[in-house]
Structure formats: C-alpha cells, structure tokens
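Enquirer: Protein chains in written order, with our numbering: chain A, 1 to 378; chain B, 1 to 378; chain C, 1 to 289; chain D, 1 to 289.
Warning: the hint list may mix true and false statements.
What the hints assert, rightly or not - Okay, derived cross-link-like pairs now, EDC-like style, lysine to aspartate or glutamate, Cα gap no bigger than 16 angstroms in a straight line:
id: 1; chain 1: C; residue 1: K227; chain 2: C; residue 2: E275
id: 2; chain 1: A; residue 1: K2; chain 2: C; residue 2: D114
id: 3; chain 1: C; residue 1: K107; chain 2: B; residue 2: D142
id: 4; chain 1: B; residue 1: K197; chain 2: B; residue 2: E124
id: 5; chain 1: C; residue 1: K237; chain 2: A; residue 2: E99
id: 6; chain 1: C; residue 1: K107; chain 2: A; residue 2: E162
id: 7; chain 1: D; residue 1: K113; chain 2: C; residue 2: D242
id: 8; chain 1: C; residue 1: K43; chain 2: B; residue 2: E162
id: 9; chain 1: C; residue 1: K76; chain 2: A; residue 2: D212
id: 10; chain 1: A; residue 1: K81; chain 2: C; residue 2: D242
id: 11; chain 1: A; residue 1: K79; chain 2: A; residue 2: D66
id: 12; chain 1: D; residue 1: K115; chain 2: C; residue 2: D114
id: 13; chain 1: D; residue 1: K43; chain 2: A; residue 2: E70
id: 14; chain 1: D; residue 1: K243; chain 2: B; residue 2: E230
id: 15; chain 1: C; residue 1: K115; chain 2: D; residue 2: E275
id: 16; chain 1: A; residue 1: K119; chain 2: A; residue 2: D142
id: 17; chain 1: B; residue 1: K81; chain 2: D; residue 2: D114
id: 18; chain 1: B; residue 1: K269; chain 2: D; residue 2: D242
id: 19; chain 1: B; residue 1: K207; chain 2: B; residue 2: D318
Everything labelled a hint here was simulated from the structure, so no lab data went into it.
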Amino acid sequence: MKIHEYQAKELFKKYGIPVPEERICHNLSEIQAAASEIGIPCVIKAQVMVGGRGKAGGIKIAKTEDEVKEYGEMILGMKIKGLEVKKVLVSEVVAIETEAYLGIVVDRTHKKVVVMSCKEGGVEIEEVARQNPEAINKVYADPVFGLFPHRARKVGLFLYSEPKVAFACASIAEKLYKLFIELDASLAEINPLVLDKSGNLIALDAKINFDDNGLYRHPDIEAMRDRFSEDENELLAREKDLSYVRLSGNIGCVVNGAGLAMATMDLVKHYGGEPANFLDIGGSSSPQKVMNALEILLKDENVRVIFFNIFGGITRCDDVANGILAAKEKLDIKQPIVARLTGTNEDKAMDILKEAGLIFASSMDEGAKKAIEVLKGV
Amino acid sequence: MKIHEYQAKELFKKYGIPVPEERICHNLSEIQAAASEIGIPCVIKAQVMVGGRGKAGGIKIAKTEDEVKEYGEMILGMKIKGLEVKKVLVSEVVAIETEAYLGIVVDRTHKKVVVMSCKEGGVEIEEVARQNPEAINKVYADPVFGLFPHRARKVGLFLYSEPKVAFACASIAEKLYKLFIELDASLAEINPLVLDKSGNLIALDAKINFDDNGLYRHPDIEAMRDRFSEDENELLAREKDLSYVRLSGNIGCVVNGAGLAMATMDLVKHYGGEPANFLDIGGSSSPQKVMNALEILLKDENVRVIFFNIFGGITRCDDVANGILAAKEKLDIKQPIVARLTGTNEDKAMDILKEAGLIFASSMDEGAKKAIEVLKGV
Amino acid sequence: MSILVNKDTKLVVQGITGRDGSFHTEQMLKYGTRVVAGVTPGKGGVSVHGVPVFNTVEEAVAETQANTSVIFVPAKFAVGAVYEAIDAGVKLVVCISEGIPALEMVKITGYLKDKNCRLIGPNCPGLISPGEAKVGILPGHIFKPGNIGVISRSGTLTYEIVDNITRAGLGQSTCIGIGGDSIIGTKFIDCLELFAQDPQTEAVVLVGEIGGRDEQDTAEYIKREFKKPVFGFIAGKTAPADKRMGHAGAIISGTSGTAAEKIKAFESADIKVGETPAEVARLIKETLS
Amino acid sequence: MSILVNKDTKLVVQGITGRDGSFHTEQMLKYGTRVVAGVTPGKGGVSVHGVPVFNTVEEAVAETQANTSVIFVPAKFAVGAVYEAIDAGVKLVVCISEGIPALEMVKITGYLKDKNCRLIGPNCPGLISPGEAKVGILPGHIFKPGNIGVISRSGTLTYEIVDNITRAGLGQSTCIGIGGDSIIGTKFIDCLELFAQDPQTEAVVLVGEIGGRDEQDTAEYIKREFKKPVFGFIAGKTAPADKRMGHAGAIISGTSGTAAEKIKAFESADIKVGETPAEVARLIKETLS
C-alpha cells in the first residue's frame, strides 16, 4: 500500500525525523491561507502517488501572492500520469546546501533490511543502481538485532564528513529504520535528504510503501489509504478477497492462481490480443467467488470477451461452472465467454455448462486463440 | 531493587495479569473502608519486603468487622524480621481450587531467561530446586526471540491439563515475560498462581525484583523505591555512588573493590572480629569519595574501629591518604583507624599520614589482626 | 532418488484440525505420504483421518519421530507455527499459509541461520516427489515419476506446466513450489544445489515471475556451476509496474524485476525459455530426446 | 605460551579519548601491549599517546589489523560498543565498562552464538599475560611471568592474591578477570578449557565469590576432566542473604549462591581452598614445590 508524501511526512514527524514546515490543502483558499502562514516564497506540491511530479509541472515555487494563486489553481485538479491532483502541500522553502538520498528496503536476495544511501539526492535509486552501483552505499540491518548504532553511524559517515552532521544523519537513519520496522513498511525513502545552509538535515520529500501482509496489524496505516486514488474495481476486488489489476485491453481474464493469471495475460498478448485485467480467484473458489469476480470484471466497460482459464486442483471445476451459470442469470452477461476448465471435476463442469452457450477450449493456448477470434468476430 | 507486593500487583494489572480485588491502606480507617468496599471476609496482608509474612502472623483472614479492626490494628506497626509494617493490603478472598508456582528469572548458567513452574504453589522455589528438582518445569526463552508462544503453551500445559486453563496460563506466562523484559526485572514471581473455583486463574501473591543495572532506563520503577524500608546508610551510599551494606559488627571496613571488600570482612571474621559493614569505594577514588565513605561509616554507631584495606592500582594510595586526613579534620573521628595501603603511591601516602596517628599494617592479615587487637584494648 | 521429500518423510501437519489441514491430510495420505502426526494446540488426543493429534510439535516429534512439518494455519499464527516446527527439530518445514509479513520472514531467516532446518515457503503449494511423497496441496494425479526437476514461484502455473510435461511423456523427480512472497525460505539456487547432487534429476525447469532478482541471481549461479540442462518460463510479461500481481513478491519496482530482464538473464545462462507453458514442455521434449 | 593475549595481540581501544581510556592506553603501552588503534566516533584522525584514532572499529581493524578490542565507554554506550567490536571481526572483546543490564548481556550472548569471537567481561579488570601483553586495567607491576593461571570474578582481590603469589616467588601464565556481573561473556570453565591446552600453565587459581553457581558448575567440570592442580578462594563468607555486595552478580538469592556451598563444591573436586588470600599463595607454594 502507498500513501501520499504529506502522510509520510506526518509519520516522519511522529518518529522525530525533521521535515519542512508545511500544510496540506484541498482548495485554493486553504493554499492561500497556508502560504501566508508559512511565508512567501513557498513551495506548492501536487500530492499524487506517482514519481515525476516535478517534470510534470506539479511542483512550483511561488514567489508572490499572485503566484500562489496562479500555481495553486494550476496544480489543483491537474492530471499527472492520469491521476487527478486533489490535494497540494504548501511548504516552506529550504535553503539547500547539499542533497542526498536515504532509503530503506527489504533486500530480497539477502533477506535483510538494507539502508541505502547516495551522495546525490533527488535521483531514481533504481537507475543509479543500474548505471553507477558503486555510488550507492548499502548498510544492512541485522535480521534480528536491527540496525546497530554503529551501522547507522556508518551511513552518516558515508554521506557527510562533518561528524556532527554525520551523527545527525545516523540518528535520522535509526529513526527511519524504527519507523520501517514498527509499521511493516516495504520502502521508506527520504529523497532528497537536504543539508540546509544552517547545517541542519531535513527530509524534503518522503515516500513510504507498506507491506500488504503487515497491514492487518496496523489499522492506523490502513486508515491512511486514499481510496480516491485507487482504481474502483481494485478496491472492490480487495473487499471481496480477490486479486484484480486493471489493464487497458478488452479480453477479461478469470484465472485461479496468480502465476497462471499472469501467464494467461501474457498468452493473450502472445497471440495478438490485449488482456483487460489480471484476476486471480484464488485457491478454493466457491461459486459465489466466481460471481464476485464476474461482477468486478463487468464493471470495466472495455471488456468485450471473457476468458476463463481454470486449472482445477483444490479449485473444483464444477464450483466454477456453477458460479458462471449463476452469474449469467443474475448479471445479464452479454459478452461471449470462452472457458477452459481442466482438472478436478472437469466432467461435471462440462455437464453443468453444456447448455450455457459458452465457447469451450481444451488448452489455455486454444482458449486464448478462441477469445481473440471471437473478438474479431464480434 | 525490590518493591512491595502491592506495587508488583499494580504492574501485573498494567500487563493484564489477573490479580484479586484489593486496596493498599496506611491506617485503620483506610483498612475498614477497604474491607467494607471489597466485602467481608477479606484478607489483610502486611506489606514488607521479606518472605515468611504468613508464618510471622502478617497475613490474616478477617471474617467479621471486629476481626477487620482487630487484625488491622495488630498487623499495622508489627515488626516482621525487623521491618515495621507501614502498609497493609486488603484483598478479596479467593476460592482456591489449586495453587501453582510461576516465576521468571535470568539463568546465569545458561545465560537465558527461564520460566519456572511448579504444580505446588506457595513454595520456596529454591528449596524445591534443591530437594525435588524434577518438580520444577523449566522453559527457556530464546535470548533474542523471546518467549515463543509455543513455549508459553508448554508452561501452561505442564501446570494444567484442561486446555482452556492451560492456554490462559500460557497467556499469563507471556505477559509476565513481557513485564520481565520490558522492565529489566531480575525476578518476577506469581506464588501462588491460583485456579479458583470458577476456573479462573489469578495471581494471589506477586514479587518483582529489578536489575539495578537496568534502573537508569526505568525512572518510573526507580520512583517505586520504598525509601523507608531501606537502610538509611545504604540509601546515602547509593546517592554518593558507593557500595555499602550494613552488618551487625563493630569493625568498620573501607576497601577498594567489591571482591576485596568481601574478603576483608571475611578476614576480620576469620581472626575473630565482627565486620560492621561492606564498603567498596570503587576504582579511581578521589579524596572526596573517601570522605563520603567515612561519613557514611560513622553514622553507624556500632563502629568502634575503622579498617582501611586499599590495594592501589588505579586507586592511588595518596588520594586515599588525603581523604583520610581531610575526614579526620572535618568529621571529628574518635575511632582508631587501622590502615593498610599498598600499591600505587604507597610511599606518598605514608608521608601524608605519618603524623595522623593511624595504626599501620603492611598486609591485610596484619591489618585485620590489629583492628581486632585495638578493639580489645579500647 | 529425489530431493527433500521421499518415502522416508514422516510428516506432521500443523493445523490438522482446520478445514484445509484436514482436507489436505486426507489427500496426502491418499497419495501415500506418511502422515504420522497432526498438531493443534488444545486438541491433543483426538485423531484426524486416523492420524493422532498432539498439543505441541515437540510432543508429536517425540512420539512419532516426524522429520518434516507442513503448516496449514491462519497467517496470524503461521509465524509462531514456523518457530515451533524449527524449535522441535524437524529438518524440513513447509509453510503453505500465506500472508506472513516480510519483516517476520526476515526474522525467521535469522532464527534459521544456525539451525539444521530448511523452510520452504511461505505462500507456496508445497512439494512432491512423484510416487514417493507429497507434502502440500499440489494435485497429485498430474505428476509422474521421472527425471525432470521443477522449481516454481507459482502454484497453478506449475500444474499447467507439469501437466504439459507429463502429457509429453516425461516425468518429474521432485517438483517444488518455493512460494510467491518476497522473502522465502528456500530459493531457486538452494533447490538447484540439491538437484545438482541428485542423480535422478537430468534437467530442471525454473518457473519464475516478475519481482525481485532471484531469477537473475540464479542465472549467474547456473552460468558459474550448474551443469544439467535448464529450462525456464517467466510469468508477467504484460504486468504493469508497481502493481502487486496477486503474490506479495510479484511486483515490478519502478523499472526493476521485469519479465524482460529475467528472460534476458535466463537466456544469457543458456536456459531455454518457453514463450508459453506448452512451449516449455516442447523444448524439454526436443532437447532430452 | 599463555592464553587469549600475547605478543601477537593487536589492540584497539574503544573510548580511547575518554579519561579512563586514555589513561589505561598509556599504561598498556608502557607495559608493552601493542595498542594499534583507538576508536571514538567523531574523533577519527586525532591520535592519543601516539595511537591513531578512528571513527569506527571496522575502519580501525581494516587499517591496523587489530584482533582484540578493549572497551572503556560509559554503560549506556557499552552495549553498542560490544556489538560494534564483534561486528568488526575482532577475535577477543574485553569489556571493562560496568553497569550493563543483565538482559542486554543475554542478547549479546545470543549474538555471539555463531560468531568466532570471545567476550570477556563486562565489569572486569581485563587480563594479562605477564611479559607479553596486558589488556585492561590491572596493575602490571605485581605480575611476573610464570606457570600459574588465574581466573577471577573480582579485581583488587585478584591483585591481592597475585601479589601474594608473586611474593612467594611464583609467576603467572595468564591472569583473567572474568567480571563481577551475573551474566558474563567468558566463565571459569571457558578459561579452564584454554588453560588445559596451554603447556605453560601448570596450575590454576580460581577466585570466586557469592552469587550464582558458576563455581559449582566449574567444580563439576574439574572433577570430570581438568587434570592440572587447582586452587581456590571464595569471597563473601560473611555476606548476608539478598544483598548485592558491590558486584551485580555477588548476591546470595535466598539460600543459594553462598560461599559455604561453593567452598564445599570446590573441596569435593579436590580444589585446595585458601581461608585467606595469603593462604592461597601458601597452598600453591607448598603443592608445587
């Protein structure tokens, strides 16, 4: 789960990580009030959960009251990578001496939490990792003992030569680590970490992602979820305990298992079609779950054909078949359905569906091809 | 550091460990009020930090209002093992089905925290350990991962066969462990842990000792210290950063180093004398520290001769000598002083002290003997 | 031969009295797995499908000499169940349960460091040595004893590929679902090291997906020292960035962890990558015959 | 020969710029110890008594190949200093600092489990191999090279006993102050195992005190397998119960950990126990000549 910059900064504050003076605003008058409180010049930052806000014109320094109004009006409501800006952050201007990068992630390879730092700030760390990996300093936390103070100092001493600043940075690294661990984050990033002209460190931008598996024990974090910046279908799917991701194609896919669901999308594409979604109905799928899946799928108006790819194991094909039948009745499905149901109780499924007007396929390749053919015919 | 039963029970409550309904009282009217609130019959328990309160008559069940008054008056102010009872706990009567022992300590041999349990409650666990060790179940916490839930369940399943009670007990063990770790305890004991007639577990008595080395990070625990039940000299010594323990003899000992201080006491006893105290003035002792030591020592009116046993290393004998001189001047010391000062700057010390009227010894044996002789002569 | 599980596997099922635990105990027994014990705290003394149930894994191991555990308990209790299994001294722990926070897996990894125990999963279908033993939820009937080792981050996708392999007339030595989470107990390389030592295994199939760089690390390892032929499949070529595709570990972070880079890494290590699940089986068939 | 420290010891002093660290660095240098580096975070670049100071132990080890660390930092930072030393790969860490909570020592013990590193202390005077190297705060001049190994829970009491031994004309192979806390890195038995292997050491003195049962455990070990003559002293025969006698570990709990039971255990293992420090030296002299 992602949260906005302003939310991440609230958490930073709670953990004692220094952030600029700033206010979150929902409309122009709030922006103007915030600007006069914080002082002009000030920074106006679009709050959308994508990178590249600066390049897209979503971050501006307003030097006059007029500019506050101008940029405020401009940024509020603009679209960045398809996302509408509904909130902006009005922030003090920080006198930047140097910019650095400080981030924490779980290193999947070493199975440890790693603190990454880079003397260049504002960078896309994955790009640096690819092109100039030695510019990144990695300091690992012990899997059990956490980030030892001496390792935090190592982070600080890598970024700054002045001991006072280095140890202030070490303290920030320790706090960021504490936040990361206590909140089950999957990413916590200060980018850039700014050393200002007075010699103080300050987190100019903030990004925190959370491990979905850990959210159950952090209702306060779950409550930060911005439902308006998420896809409606994806929200609905999560509520119904289904995994769904919207794509831009027109062949709706219903699959059991995440790997097979991805492979199904890939196969559709392989044969020249365009998948409309990723959808995993999970292991022991009841007819009701199949109903729910179809209901979500059909909310996407781009879907023009539905492709069921079920490899029965724990999932029983007859359960899926019953779900399809029930859904057809209840939901008035107009789109043709291509069904490939194999494995546990596939014969029963065929019996159930034989009168249902489906297009059957005996392999996933055949299913994908038929779905594409049908589409051309429709 | 030790605390009273009622304080331990307050901590139990905070950690969710069930305790009887009870009130702490300082005088008879409070006792009577508490009794009527809690209901009669009730238990009246002396709050002193020693074992064997029951045997000493410090715990009584009052069955009538008259008995509340009678026992209240009797217990308040009584002396148990030399300690005056200044507070009593008035507690509900629990209908006991079974009694067990549940305690947590640091196992010095294995360097781990261990949960000890015994199906017999109210016992002196060290006695059981000596006489019937197999009656004690030991479950170790992992040094880093703590008390795994399955190990806590093992504790519960050892004490109780009924799963519901066993798991309730496991939960209590987990809470007691949490308290132990979070508060730097050195002992946390529920003795007895009672299963009442309704099938509920309840901590009928509570004992918590704390690791002095951990107290600096628990000011709230330090604040629980009952200064009135500690020896005045020992309190004063702690404030002055000296280790002092009062004994019943008349030869006051001033030594550098805890081991040597004990050996000095033992030596005094060995040659037929009676040490008045343990006193370690520590490593790098300044003249001021020696002054402080003598000041504390002299508050003990039993002290009739003072024996300095200093093995100079980091401790400089001249510092000690200067301290003695200064103290003699300021404190009007009437008792004879036997001094054995050897090691770093011992010659300087002799120069400083040659006119001070001390009795010198060249070895600790000689010093101990001279102190005893002097005493006989005085 | 085979790796990790075989006829000597003596299995304890943690969470045996639950719906999934009970169902799959029956399935595993039917397959011929020696399920010797079950554990559900507080249910000690009952039996499930004839398997005795104990209160603790320690007891189960003491009474039945179980050497392998499979975990079917809800996410909130799964972490504790893993520690209990390791603590009881079993040599192999297979955690089917999903939903374990990544940071708990980091800690479990720390706990395992000095233990003589291997963890497979979590969030995995388990593993099977066809004809010998099945530990987990894989549908036994699609497997056939043979010489192909299969290692996969996925469940049903594995079945799809195995089904194709079996239909192509080939069998499997051992098939391992290593799990779809970002931190897992046993990774591709760990399995390859075992397959390298297993004379029965003549070739290996790696079924990877987007997210992380386990496939890339594995490709390096294979270049360096793995001698048997390897085949590969990567799911998620059409997956968008920064979206979790079902599995907690199946996520492209920014521009890293894409299917393209994984396929490239595989190909650089001479791993034959199938475009479709069916093609994987064809490639194996062509190469091995 | 000797144990643990010798002419090859290359020492890094943690907290070298502090009052105690600086003073004892000078003392150790004067004794002939190879003090190769000091560490104080933020003071990297300066030098103390000619010893270069680094910001981290890692750097110090990299630059000077230090293999041993001695810690002189306040209690609140001592725990972190111990982890830093272990983490930097030194083989021996000697923690002079006192005041470390017992539960922190429990955790440190857990951390040490799979490390090739030994901790001595905390709350100890350090150790000395006379004529070779001194690591800690022991007064060097009272020691003399020889064949007696000394292991002690105490500081000045050890000096008292060593002084008597030296005056009796005998010398020491290595003398180790293991520390007065309840949980310590290296115990009597650990040292005895090393002395057993050291040909220079002909006899060993154990200086124990009230509290715990390390002396009792040690007596069992000696009965079982330690072949060299052992002498003993126990401090605290007159100590009352339930009172901490200076050292955090010197406390009789109820009725256990008394001097009497320790002396009894020693005697049952044929350890000659001196009634007074001077008698210990006499007993050794008598036995060895």
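Enquirer: Among all the numbered hints in the text so far, which are the ones the structure does not match?
Expert: Structure breaks hints 1, 2, 4, 5, 6, 7, 11, 13, 15, 16, 17, 18, 19.
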